[in-house]
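Colleague: These are the residues of each chain, in order.
Protein chains: 2
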Amino acid sequence: MRKQRHQTYTCCPLEAALDVMGSKWKATILFRLLDGTRRFNELRRLMPNVTQRMLTIQLRELEADGMIRRKVFPEVPPKVEYSLSELGRTLEPLLRELYQWGQTHIQRRLPGAATEPPSGSNERDARAPSN
Amino acid sequence: MRKQRHQTYTCCPLEAALDVMGSKWKATILFRLLDGTRRFNELRRLMPNVTQRMLTIQLRELEADGMIRRKVFPEVPPKVEYSLSELGRTLEPLLRELYQWGQTHIQRRLPGAATEPPSGSNERDARAPSN
DNA sequence: TCATATAGTATCAAATTATATACTGTGAGG
DNA sequence: CCTCACAGTATATAATTTGATACTATATGA
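These protein sequence lines are chains A and B, in that order. Position one of the first sequence corresponds to residue 1 (this note's numbering), numbered consecutively onward. Position one of the second sequence corresponds to residue 1001 (this note's numbering), numbered consecutively onward.
Think of the hints as simulated: they come from the structure by calculation, not from any bench. All values derive from a computational prediction rather than experimental measurement. Do not take every clue at face value.
As the list claims (entries may be wrong) - Subject to a maximum C-alpha distance of 20 angstroms in a straight line, what follows is the list of computed SDA-like cross-link-like pairs (lysine to any residue):
1) A:K24 - B:K1079
2) B:K1024 - A:C12
3) B:K1024 - A:V72
4) A:K24 - B:D1065
5) B:K1024 - A:F40
6) A:K24 - B:K1024
7) A:K24 - B:L1094
8) A:K24 - B:L1095
Take the sequences, apply the hints, and build the full model.
Modeller: So, in structure tokens, the structure goes:
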């Protein structure tokens, strides 16, 4: 089942990291799980743009990589809870910084997205931190 | 030419960030440029696994996103220098943390992998590569 | 009986990303 | 003349990722 995602990053840990959370939905999933345990359809409702199939796949990969835990309750109707693993937790600061960077530096609010610019609404050269 | 990469991340800045540096080669390119200006073929030699075409494409996208600067010298043979832009610079801490995270948490050193571990190389147990 | 909710699979199609290979034009070196 | 290096293009193909749609089983509720 596993594609050989983990073959490519012979060169650098950077890719190892991105390999684990850099795909289209994984970062978002992990981000959502920062808030706590979620059931499958809860996640689905939180991320309306991801298809069921994609969500399943991404969750399985995250699980296989030890980033999240999947707990199945032998009930009917089925109940499955997803939560961050210890390892997944270690990504928290990184995820938040990534989020922050996106907010600070790529302030392009699309029609529906209402994220008010912090202060000096200068789209391009918002160089606040660490420079 | 531009695909609509920037359409998807209506939902969150996280994806905006990853959109700009989360692809297979971009992070590595940016990482390489942290050291300073590089010429095209220099980058190519630094990243033997990326094809010329891919390198070109990724560099152009990074340029279009304002992450790097491309300086063409009207000489022959041609000379083109790539360097981080101001915006690209702002990713530096993030890139280093990402790198660090990969090192700390995904310590699977494959046979050929030698990317000068900076200093405190944390010799944890590497989970056996299960592929 | 029928629909609903759960957490998925199964298929197929489309889009995206990556690779291989050959080619460009110029100047230098042999 | 032939070849190399430079910084790419062009073309075709392969691999991977994503999406759309339909389907599964079971309990509950109307």
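Colleague: Decide, hint by hint, whether the structure agrees.
Modeller: The hints, checked one at a time:
1. Annotation: proposed proximity of K24 (chain A) to K1079 (chain B) is violated, straight-line Cα distance about 35 angstroms (limit 20 angstroms).
2. Note on K1024 (chain B) and C12 (chain A): the hinted pairing holds, with a Cα-Cα distance of about 11 angstroms set against a maximum of 20 angstroms.
3. For the given pair, K1024 (chain B) sits about 33 angstroms from V72 (chain A) by alpha-carbon distance, which is inconsistent with the 20 angstroms threshold.
4. The hinted pair formed by K24 (chain A) and D1065 (chain B) meets the criterion: a straight-line CA distance of about 18 angstroms does not exceed 20 angstroms.
5. Note on K1024 (chain B) and F40 (chain A): the hinted pairing is violated, with a Cα-Cα distance of about 28 angstroms set against a maximum of 20 angstroms.
6. A distance of roughly 12 angstroms separates the Cα atoms of K24 (chain A) and K1024 (chain B); the hinted pair therefore holds under the 20 angstroms criterion.
7. Between K24 (chain A) and L1094 (chain B) the alpha-carbon distance is near 18 angstroms, which keeps this suggested pair within the 20 angstroms criterion.
8. With a CA separation close to 18 angstroms, the supplied pair K24 (chain A) and L1095 (chain B) stays within the 20 angstroms bound.
Taken one by one, the earlier hints fail for this structure at numbers 1, 3 and 5, listed in ascending order.
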